[in-house]
Amino acid sequence: MKRFSDGDCVKVLALGKEGHVRIPHYVRNQIGHIAGYCGTYLNPEDLAVGNTSGQAVDLYRVAFEQRQLWPNQPIPKHDMLVIEIYDHWLAPAQETSDAP
Amino acid sequence: MQDDKGPRGYHDVGGDAAGTIPIVDLPWLHWEKQVEAIRGLLGDGTRRIVSLDEVRRGFESFGVEKYNSLSFYRRRLEAMTDILIEKGVVSHAELDQAIAQGKAKWAEFDPKA
Numbered sequence: 024m025k026r027f028s029d030g031d032c033v034k035v036l037a038l039g040k041e042g043h044v045r046i047p048h049y050v051r052n053q054i055g056h057i058a059g060y061c062g063t064y065l066n067p068e069d070l071a072v073g074n075t076s077g078q079a080v081d082l083y084r085v086a087f088e089q090r091q092l093w094p095n096q097p098i099p100k101h102d103m104l105v106i107e108i109y110d111h112w113l114a115p116a117q118e119t120s121d122a123p
Numbered sequence: 138m139q140d141d142k143g144p145r146g147y148h149d150v151g152g153d154a155a156g157t158i159p160i161v162d163l164p165w166l167h168w169e170k171q172v173e174a175i176r177g178l179l180g181d182g183t184r185r186i187v188s189l190d191e192v193r194r195g196f197e198s199f200g201v202e203k204y205n206s207l208s209f210y211r212r213r214l215e216a217m218t219d220i221l222i223e224k225g226v227v228s229h230a231e232l233d234q235a236i237a238q239g240k241a242k243w244a245e246f247d248p249k250a
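Chains P and C, in that order, are what the protein sequence lines are.
All residue numbers for the first sequence refer to the numbering used here, where the first residue is 24 and numbers rise by one.
All residue numbers for the second sequence refer to the numbering used here, where the first residue is 138 and numbers rise by one.
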């Protein structure tokens, strides 16, 4: 069962995981919006250590305002980063006044 | 490196100052295509011998010095080899032997090799 739908406001978690993760440092703790659903995939954190029997997890496209990610840069408001993030790295979040 | 965003690997450089980025098309060398072809075969759905994520875990464990000294495909090649040895698919001895045989074969064609 999908937890999120397009347009939902989400926060990227900082899970503190060592080893291979696909969630870059700069996007952790950031708030964005669901921009698409990619389907379910085996967790790369499992696959990285040779475990192919783990549970498949939902993968979402999440959109962030670039100027929110890089506050010291002169970036237009409409410039977005869209990045794919696995469900277990996401939490529901509140809209902020600055959100698109 | 660690702060409230959790661990950050040396490969995770997004947002770091990079200076001027050279925008040039590098040639895609034959051996690089071979590395990618073999990696694709090792990771495909019917074999599942070495996944792309295992290869990534491999070069993310090199240590920053080795990581930065290798090209994209050298990293993939080294990591893939490490994982094959780690899983016991090939042994160090078998690999060394195969490399020696390959070098000997090429030496027949090119004495400088």
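Heads up, a few of these hints could be off.
With a Cα cut of at most 25 Å, we get these calculated DSS-like pairs of lysine-lysine [claimed, not checked]: (1) Lys-203/C <-> Lys-34/P; (2) Lys-40/P <-> Lys-203/C; (3) Lys-203/C <-> Lys-224/C; (4) Lys-40/P <-> Lys-25/P; (5) Lys-240/C <-> Lys-203/C; (6) Lys-40/P <-> Lys-100/P; (7) Lys-40/P <-> Lys-224/C; (8) Lys-40/P <-> Lys-240/C.
These stretches of chain P come out as covered by chain C in the derived footprint (C-beta under 8 Å, 3 or more residues) [unchecked claim]: (9) 33 to 41; (10) 71 to 82.
Taking CB as the label site, the calculated pair distances span [what the hints assert, rightly or not]: (11) Asp-247/C <-> His-111/P: 48 to 58 Å; (12) Gly-152/C <-> Leu-38/P: 14 to 24 Å; (13) Val-226/C <-> Arg-45/P: 53 to 63 Å; (14) Ala-79/P <-> Gly-225/C: 25 to 35 Å; (15) Gln-96/P <-> Asp-141/C: 13 to 23 Å.
Because the hints were derived from the structure by calculation, they are not lab data.
Even glycine gets a Cβ: it sits at the ideal position worked out from N, Cα and C.
Verification of the hints:
no.: 1; hint: Lys-203/C <-> Lys-34/P; in the structure: 34 Å, violated
no.: 2; hint: Lys-40/P <-> Lys-203/C; in the structure: 23 Å, holds
no.: 3; hint: Lys-203/C <-> Lys-224/C; in the structure: 22 Å, holds
no.: 4; hint: Lys-40/P <-> Lys-25/P; in the structure: 23 Å, holds
no.: 5; hint: Lys-240/C <-> Lys-203/C; in the structure: 24 Å, holds
no.: 6; hint: Lys-40/P <-> Lys-100/P; in the structure: 32 Å, violated
no.: 7; hint: Lys-40/P <-> Lys-224/C; in the structure: 23 Å, holds
no.: 8; hint: Lys-40/P <-> Lys-240/C; in the structure: 42 Å, violated
no.: 9; hint: 33 to 41; in the structure: holds (count 5)
no.: 10; hint: 71 to 82; in the structure: holds (count 4)
no.: 11; hint: Asp-247/C <-> His-111/P: 48 to 58 Å; in the structure: 52 Å, holds
no.: 12; hint: Gly-152/C <-> Leu-38/P: 14 to 24 Å; in the structure: 19 Å, holds
no.: 13; hint: Val-226/C <-> Arg-45/P: 53 to 63 Å; in the structure: 25 Å, violated
no.: 14; hint: Ala-79/P <-> Gly-225/C: 25 to 35 Å; in the structure: 27 Å, holds
no.: 15; hint: Gln-96/P <-> Asp-141/C: 13 to 23 Å; in the structure: 22 Å, holds
When held up to the earlier numbered hints, the structure conflicts with 1, 6, 8, 13 and fits the remainder.
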